[in-house]
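J.: Below are the chains, spelled out letter by letter.
There are 2 protein chains.
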Amino acid sequence: MDARPESRDGKWSRRKFLTEVGGGIAAANLAGALVGDRAAAAANEATAATASASPQLKVPDAPGKKTGWAIVGLGYLAIYQILPAFAKCEKSRVVALVSGHPDKANKLALRYGVNPKNIYNYQNYDSIRDNPEVDVIYIVLPNGMHAEYTVRGLQAGKHVLSEKPMARTPAECQQMIDAAKKADRKLMVAYRCRYEPYNREAIRMAQSGELGKTKVIVSEHGFNIGDPTQWRLNRELAGGGSLMDIGIYALNAARYLTREEPTELTAMSFTTPGDPRFKEVEETINFQLRFPSGILANCSSSYGYDSQNRYRVVGTDGWVELEPATIYSGLRMRIHKNNLLEEVQLPVRDHFALEMDHMSECVMENKEPLTPGEEGLRDLTIMMKIYEAAKSGRTVKL
Amino acid sequence: MDARPESRDGKWSRRKFLTEVGGGIAAANLAGALVGDRAAAAANEATAATASASPQLKVPDAPGKKTGWAIVGLGYLAIYQILPAFAKCEKSRVVALVSGHPDKANKLALRYGVNPKNIYNYQNYDSIRDNPEVDVIYIVLPNGMHAEYTVRGLQAGKHVLSEKPMARTPAECQQMIDAAKKADRKLMVAYRCRYEPYNREAIRMAQSGELGKTKVIVSEHGFNIGDPTQWRLNRELAGGGSLMDIGIYALNAARYLTREEPTELTAMSFTTPGDPRFKEVEETINFQLRFPSGILANCSSSYGYDSQNRYRVVGTDGWVELEPATIYSGLRMRIHKNNLLEEVQLPVRDHFALEMDHMSECVMENKEPLTPGEEGLRDLTIMMKIYEAAKSGRTVKL
Chain A
1 MDARPESRDG KWSRRKFLTE VGGGIAAANL AGALVGDRAA AAANEATAAT ASASPQLKVP
61 DAPGKKTGWA IVGLGYLAIY QILPAFAKCE KSRVVALVSG HPDKANKLAL RYGVNPKNIY
121 NYQNYDSIRD NPEVDVIYIV LPNGMHAEYT VRGLQAGKHV LSEKPMARTP AECQQMIDAA
181 KKADRKLMVA YRCRYEPYNR EAIRMAQSGE LGKTKVIVSE HGFNIGDPTQ WRLNRELAGG
241 GSLMDIGIYA LNAARYLTRE EPTELTAMSF TTPGDPRFKE VEETINFQLR FPSGILANCS
301 SSYGYDSQNR YRVVGTDGWV ELEPATIYSG LRMRIHKNNL LEEVQLPVRD HFALEMDHMS
361 ECVMENKEPL TPGEEGLRDL TIMMKIYEAA KSGRTVKL
Chain B
1 MDARPESRDG KWSRRKFLTE VGGGIAAANL AGALVGDRAA AAANEATAAT ASASPQLKVP
61 DAPGKKTGWA IVGLGYLAIY QILPAFAKCE KSRVVALVSG HPDKANKLAL RYGVNPKNIY
121 NYQNYDSIRD NPEVDVIYIV LPNGMHAEYT VRGLQAGKHV LSEKPMARTP AECQQMIDAA
181 KKADRKLMVA YRCRYEPYNR EAIRMAQSGE LGKTKVIVSE HGFNIGDPTQ WRLNRELAGG
241 GSLMDIGIYA LNAARYLTRE EPTELTAMSF TTPGDPRFKE VEETINFQLR FPSGILANCS
301 SSYGYDSQNR YRVVGTDGWV ELEPATIYSG LRMRIHKNNL LEEVQLPVRD HFALEMDHMS
361 ECVMENKEPL TPGEEGLRDL TIMMKIYEAA KSGRTVKL
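In order, the protein sequences belong to chains A and B. The opening residue of the first sequence carries number 1 in the numbering used here; numbering runs sequentially from there. The opening residue of the second sequence carries number 1 in the numbering used here; numbering runs sequentially from there.
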């Protein structure tokens, strides 16, 4: 029994934390995340010993080389999605944490087997350049900090994966792209949906001609946002409102489902007067896009309505719909064709693990990421035009 | 055995016709439609005779007074929907037919028990004024003929129900409204969905606050239109393309679900170059509406994509969706609230019977219809603005 008060407090805190975090995560994953490769080794041994008893059990190959990741910003997304996802990664492992809250970083380091010497804060962040264990930095900070921490990470000689939106403005995106070029490092934007099975299948279908020629894409993305004090509602930190945070999914989907770039757009916005949440950023913004082939998109984005997370690709001969379309898990796909409506179930995969492994593969094999900085810049450029169209009430050409 | 060739041909034709018509209609309804009140009487007698054997069978009351209807225009809608619907009416019965095709009219008269003397053509249509059996005229002609035949019907002293869109232009709508006032007759537009259970329940929910405050309405209405020679693709007869025919459902739904009138709108249109179907009218037109309370609507209308027939009302605390939303039967309703998604099933009712009985009730009780001429005029006025916005690329104020 350890009698030191600090340590006791630490244990209590950790237990509470585990309970909260563990709710949605399978025990096996927790074990894997906590003890890392040793768990896999032990599992292999145990399997060998009982091979005759369980001849059907297929054991995955031992992982090959993994890149080392530093997670910058330990908020909800990092704690509940990204850090647990490393247990599902084949090519990525977490080796460092960067946070302004040492207590949080210490707890998570213990949980995920991160060496305490690899915990950084925002002051000594640049010294990460001297840490050879870190190959890739994942920026999971508020939007307004993406550019600075990406550029600093690149200047420290590391590859960078930045959460979306890439930054607040096209100018910031360009700075990030320039910094990556100068440092000769990879820069990727975390367009998670491009790496998971449902969205990839929808893209394939839209391109294959199975639904005929795509005519219209409709998409609604939004939710009823809570706490008025959160960074998402602060213009300096967020760069904008629902469009930057959640409407970007509708925009990006319209682009990846068509594989075209919009040529013009219109938009209409509404923000409830007097709502304490929307003093600085917009509540709802709907927008229409026109693509070169004639495809039109009708999109809705809001911080003010009950959760919407959907798109439908409507072709001449059928349609495919994802709802939910872009959340972290539990996506569902319906296809309508030849008077038949069917639901298709695809393998359950961890989106973040797939995304991070893609980046690791690009780093290891010196390939360009599927969603490089230029992809983030394109969305930002279009989003600025959407704001312009909503303000002017005119069609904006791109 | 009747040896006259004409008669034999007639029988063959009629048999073929019955087979085609009967496909989607329950045998009981056919019987009711063919022999009218006598069938009800026979059913009553049969029930009385077997009362002790079937004590649970509830027999509906005998119908009261019914208004007499003339159907003008014997196309698909009249033959397959409206005429069969009289069997479900409590207050309406078909007593006259107006058609340019005597063969068609004769066959349908025989089928639905219409006295052959009550068959009119477009030349002697005005003499319907001398037929006291006819109370109401239902205009089921191509859009471009609505105004003329409505005005002539009103001038003949009859009440008129016109199919939607009410006419090709607001000016035509105004002529119809003026003619009704002058003749002191009722004028109603066939906004069928306002009279059937699913749409009425969606309206009630949207107004009740059960979903919180309505924020956004999205609706897609369209289908992949066939035969390039049909009247719907002829500007003179149709007045416009998909918007006039099917997009009007999305517009009208946005209005009846909000119970507000839009104050401004934007639109974006696309028509496939060289498509033989779209030489005169638009293929796809998407539009956005702003309502006074801040509700925004995102609507899509097309003659070029796989059937879409849907709307969703998204509130702060939940949503209700109809899909299909506005077709003749088989509507489905889903409600999302408190993290529960449920499908609600409402009584199956014949939309046309409900609509016609509403008109009959207004006539018998001298009440204003729920969807009078002014309602049709409002949609036409807004549709003209949607075309204007699509053309100019600017927000149009209303």
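These aren't lab readings, by the way, just hints derived from the structure by calculation. Some hints here could point you the wrong way.
The list makes no distinction among identical chains, and a pair is therefore deemed to hold if it is satisfied within one copy or across any two copies.
[As the list claims (entries may be wrong)] Mimicking DSBU-like on lysine-lysine, the simulated pairs with C-alpha atoms at most 30 Å apart in a straight line are:
#1 Lys88 to Lys182
#2 Lys385 to Lys182
#3 Lys337 to Lys181
#4 Lys104 to Lys58
#5 Lys385 to Lys213
#6 Lys391 to Lys66
#7 Lys367 to Lys397
#8 Lys279 to Lys337
#9 Lys66 to Lys397
#10 Lys66 to Lys279
#11 Lys337 to Lys182
#12 Lys279 to Lys182
#13 Lys337 to Lys367
#14 Lys213 to Lys279
#15 Lys367 to Lys391
#16 Lys213 to Lys88
#17 Lys117 to Lys58
Everything numeric in this text was worked out from a predicted model, so none of it was measured.
J.: What label fits Lys367 with Lys391 when the C-alpha limit is 30 Å: within, between, both, or neither?
T.: So Lys367 and Lys391 fail the 30 Å test inside a copy (40 Å) and across (45 Å) alike.
J.: Cα distance capped at 30 Å. Does Lys213 pair with Lys279 within a copy, between copies, both, or neither?
T.: between (43 Å within a copy, 20 Å between copies)
J.: First find the shortest C-alpha distance between Lys391 and Lys66 inside one copy, then the shortest across copies, and answer within, between, both or neither for a cut-off of 30 Å.
T.: neither (48 Å within a copy, 56 Å between copies)
J.: How do Lys385 and Lys213 come out at 30 Å by Cα distance, when the copy is not named: within, between, both, or neither?
T.: For Lys385 and Lys213, both the intra-copy (27 Å) and inter-copy (29 Å) Cα distances are at most 30 Å.
J.: For Lys88 and Lys182, with the copy left unspecified, which applies at a CA distance of at most 30 Å: within, between, both, or neither?
T.: neither (33 Å within a copy, 77 Å between copies)
J.: Tell me, please, which holds for Lys279 and Lys182 at an alpha-carbon limit of 30 Å: within, between, both or neither?
T.: neither (39 Å within a copy, 54 Å between copies)
J.: Using 30 Å as the alpha carbon limit, work out where Lys117 and Lys58 are close: within a copy, between copies, both or neither.
T.: neither (37 Å within a copy, 82 Å between copies)
J.: How would you classify Lys279 and Lys337 at a CA-CA limit of 30 Å: within, between, both, or neither?
T.: between (45 Å within a copy, 27 Å between copies)
J.: Reference check for the pair Lys385 and Lys182, CA-CA at most 30 Å: within, between, both, or neither?
T.: within (29 Å within a copy, 52 Å between copies)
J.: How do Lys337 and Lys182 come out at 30 Å by Cα distance, when the copy is not named: within, between, both, or neither?
T.: Classified as neither; 49 Å inside a copy, 51 Å across copies.
J.: As a check of your reading, is Lys66 near Lys397 (CA-CA no more than 30 Å) within one copy, between copies, both or neither?
T.: neither (45 Å within a copy, 59 Å between copies)
J.: Since the copies are identical, ignore which copy is meant and state whether Lys66 and Lys279 lie within 30 Å (CA to CA) inside a copy, between copies, both or neither.
T.: neither (45 Å within a copy, 60 Å between copies)
In this structure, the earlier hints numbered 1, 3, 4, 6, 7, 9, 10, 11, 12, 13, 15, 16, 17 are contradicted, and the remaining ones agree with it.
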